[in-house]
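**Student:** These protein sequence lines are chains A and B, in that order. The opening position of the first sequence corresponds to residue 1 in our numbering, with each subsequent residue numbered one higher. The opening position of the second sequence corresponds to residue 492 in our numbering, with each subsequent residue numbered one higher.
Quick caveat, the hints were computed from the structure, so don't treat them as lab data. Glycine included, C-beta positions come from ideal geometry on N, C-alpha and C. Do not rely on the hints blindly, as some may be mistaken.
What the hints assert, rightly or not - Where chain B lies over chain A, by a calculated footprint (3+ residues, C-beta under 8 angstroms): (1) 28–36; (2) 47–61; (3) 196–203; (4) 278–290; (5) 294–305; (6) 451–458.
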Amino acid sequence: MRDTHSTGAGLRTLSLWFALVAIIALFFADIFLYQPDPWIELSRIGTGMVTPYWPDISELAISALHTISFALLGVAVSACLGVLLAMWFHWRAVRVFSAVIRSVHEIFWGLLFMQVFGLSALTGLLAIIIPFSGIFAKVFADIFHQQPATAVNTMGQADRLSRFIYGWIPQAWPALSSYVRYRFECALRSSAILGFIGLPTLGFHLETAFRQGDYSEAAAVFWVFLLIIGTVRFWLYKRFLPFYVLAAIFLLPEMPPVNASFIWQFFTQDLWPVPLQQGDLSGTLSWYGRVVSDEVIPALIQTIAITQAALVLSGVLALMWYPFASRWLVGRFSLIGRFKLLVLRSVPELMLAYLFMLLFGPSALPAIFALALHNGGLIAFLLANHSEDAADTQRIDSASGVVRYFYQDLPQRYPAFLALLFYRWEVIMRESAIMGVLGIATLGFFIDSAFEEIRFDKAFFLILVAAMLNVVVDSVSRRVRRAAGLTTPRM
Amino acid sequence: MKFRSVVAMVVALVASSMMSTAALAETFTFTAIPDADESRLNARFGKVADYLSEQLGVDVKYIPVKSYPAAITAFRNDQVQLAWFGGLSGVQARELVEGSEAIAQGYEDQFFKTYIIAHSSTGIEAADALQDSVKGKTFTFGSKGSTSGRLMPEFFIREHFEAAPDEIFSRVGFSGDHSRTIAQVQSGVFDLGAVNYSVWDTELKEGKIDTDKVKVIWTTPTYPDYQWTIRGDVDARYGEGFKQKVTDALLNMKDEDLLASFPRASFVPASNDDYAPIEATGKAIGLLD
Numbered sequence: 001m002r003d004t005h006s007t008g009a010g011l012r013t014l015s016l017w018f019a020l021v022a023i024i025a026l027f028f029a030d031i032f033l034y035q036p037d038p039w040i041e042l043s044r045i046g047t048g049m050v051t052p053y054w055p056d057i058s059e060l061a062i063s064a065l066h067t068i069s070f071a072l073l074g075v076a077v078s079a080c081l082g083v084l085l086a087m088w089f090h091w092r093a094v095r096v097f098s099a100v101i102r103s104v105h106e107i108f109w110g111l112l113f114m115q116v117f118g119l120s121a122l123t124g125l126l127a128i129i130i131p132f133s134g135i136f137a138k139v140f141a142d143i144f145h146q147q148p149a150t151a152v153n154t155m156g157q158a159d160r161l162s163r164f165i166y167g168w169i170p171q172a173w174p175a176l177s178s179y180v181r182y183r184f185e186c187a188l189r190s191s192a193i194l195g196f197i198g199l200p201t202l203g204f205h206l207e208t209a210f211r212q213g214d215y216s217e218a219a220a221v222f223w224v225f226l227l228i229i230g231t232v233r234f235w236l237y238k239r240f241l242p243f244y245v246l247a248a249i250f251l252l253p254e255m256p257p258v259n260a261s262f263i264w265q266f267f268t269q270d271l272w273p274v275p276l277q278q279g280d281l282s283g284t285l286s287w288y289g290r291v292v293s294d295e296v297i298p299a300l301i302q303t304i305a306i307t308q309a310a311l312v313l314s315g316v317l318a319l320m321w322y323p324f325a326s327r328w329l330v331g332r333f334s335l336i337g338r339f340k341l342l343v344l345r346s347v348p349e350l351m352l353a354y355l356f357m358l359l360f361g362p363s364a365l366p367a368i369f370a371l372a373l374h375n376g377g378l379i380a381f382l383l384a385n386h387s388e389d390a391a392d393t394q395r396i397d398s399a400s401g402v403v404r405y406f407y408q409d410l411p412q413r414y415p416a417f418l419a420l421l422f423y424r425w426e427v428i429m430r431e432s433a434i435m436g437v438l439g440i441a442t443l444g445f446f447i448d449s450a451f452e453e454i455r456f457d458k459a460f461f462l463i464l465v466a467a468m469l470n471v472v473v474d475s476v477s478r479r480v481r482r483a484a485g486l487t488t489p490r491m
Numbered sequence: 492m493k494f495r496s497v498v499a500m501v502v503a504l505v506a507s508s509m510m511s512t513a514a515l516a517e518t519f520t521f522t523a524i525p526d527a528d529e530s531r532l533n534a535r536f537g538k539v540a541d542y543l544s545e546q547l548g549v550d551v552k553y554i555p556v557k558s559y560p561a562a563i564t565a566f567r568n569d570q571v572q573l574a575w576f577g578g579l580s581g582v583q584a585r586e587l588v589e590g591s592e593a594i595a596q597g598y599e600d601q602f603f604k605t606y607i608i609a610h611s612s613t614g615i616e617a618a619d620a621l622q623d624s625v626k627g628k629t630f631t632f633g634s635k636g637s638t639s640g641r642l643m644p645e646f647f648i649r650e651h652f653e654a655a656p657d658e659i660f661s662r663v664g665f666s667g668d669h670s671r672t673i674a675q676v677q678s679g680v681f682d683l684g685a686v687n688y689s690v691w692d693t694e695l696k697e698g699k700i701d702t703d704k705v706k707v708i709w710t711t712p713t714y715p716d717y718q719w720t721i722r723g724d725v726d727a728r729y730g731e732g733f734k735q736k737v738t739d740a741l742l743n744m745k746d747e748d749l750l751a752s753f754p755r756a757s758f759v760p761a762s763n764d765d766y767a768p769i770e771a772t773g774k775a776i777g778l779l780d
């Protein structure tokens, strides 16, 4: 095969296959085009965005500090755990463990821990630390894997720990720390979004204000959040990190008392269906059978259909957008493009979905658009960085503009683009699950309902199903990347 | 460095949790989610906490929560001892915490009701009963666990049509909030919606509703809704007669500024039995076991 086909042709075939799957997925997704009359609401949102208002600045400042504290501590702890897991990533058990813990969305971790630790700092931290450790483990392991082994080979009989501490880690340090920095931005978003379920971060106020139609207040919170994300590189200095971490611990919200008997009850009783606790085998089977046929199967079809459609649309948008944020391609106009991408990747998907719902009515369509816009914006941002970093290929006779994009930049970026897209695959899957709040019957819809009906046994089972789905997607994605010869892109 | 910061964090977490446990031992904590206007909960309910503290002679603290399930969890885990619940969430909470009791409800909650609203493009007019023309339209409830936005309207719809909502309507959504239900029906995202009457009346008065686009087409019969529920063990922990003191303090709350946070005209006595119809309805539509 390799003799007759170039790498480019292989990647093209792969891309076309994914596009075909996405088109087929659209037939399965719950899509319907309504014609709402959204202009009153949209004009209120528009007016709100340009007239941000918040009556109590200190309240907003405290939520902003909570948001940063959760993100900073969450990343600090999970990066350390991630390194530890990555050191033993050649063990299948560690790989599976990492895949499982990162396959559950932060919101679902948060909802689970909230039942035990209440609305406490511990709930928020664990909801970030657990999935992030799994993500760090995977990416760090990839980074170590790509390092040349020359230096470590000279260490002879040194044990595994020494090889990492004196060999792999120092050698991979630039790649590791740049990934941790990127992940910090993701953690800020996660931290904010945990406010949606009640933790005292910016999302708490954003969700309330937006849901109740107080768009000026929602805008105030949103601009503050955008400012934090947009200015990370101006205030997050490595040498101040110890100071920041101490400050973050100090700033965490206080812990309500935790009753150990509830923790025990939660894990031994609440999470399991009654027939299982009573040892009634046929009752247990019929309980799980009912949940699978009524909820799991229809939800899986929707979740997968939405994910595949959103994945390909994200890719198309990313390729369309990234040149406008790269100064090699559009010169100083790239600042406008960069701002657009900053907004797109910062707006929580649920809010984008609500906007699209106003335009297109309630169906899977708003969810697909929202996921595609958000993830497309994120991939475009990373590609634009790659494009700008490729400055050394800039020669005096280099082409510019459209010619450079099609004949030089795009072909060079394409392998990294596909690799990034496949990395986002499992992320899109996780996020499509929480789009259930739009009333589309994804897994998230049923998980949300189960929590609402205080049926933790069902919620837990559905979360496990969502996790397994993610593990499968993750492993398919790894195989596709390997088969296509794609290496881990820099983030 | 990183290792040391982890240790520092763990120590700080443990220390802070122990300190707050000690401090909260005598503090009486409550939570409340108003049916409309959830802005600045801390400031508004902080005043209610001050009032209760004055009346009860103990430290009273308010903690804001986001949703009914979160309020129920906090109540069950004893992170709050008193809560302002909706009809259904109160029943759910009392089922989980043995000995807990409904002690007071809003004056309006004795005869609460839900409006079914419709976008003008449907051409449906107000009537004494739900009309067959609603069939096949799109419909949104409020929050999934809401009594006025979900439970009671779903019950009356099922009773009238003898069918489940997703068999009657072409699509059923959950907006998550009464204000948002109004916004979504007004903008035609959904043809019909079920909304808490008091939220509708308030927004109508504030001029937020364009009656050319959305109007009430049916009003449900009345049912009991929001109430204060208290844990059964408060007398043992805060002193004999504490439950009665809390009840009296709530019933005697006359300050309009405080009452406006809920918003209710006043509080009147209530008991668990008042909510038997809600429990029966919850069981009938499968929201309660």
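**Student:** For each hint given before, does the structure comply? Return the numbers of the non-compliant ones in rising order.
**Tutor:** 4, 5
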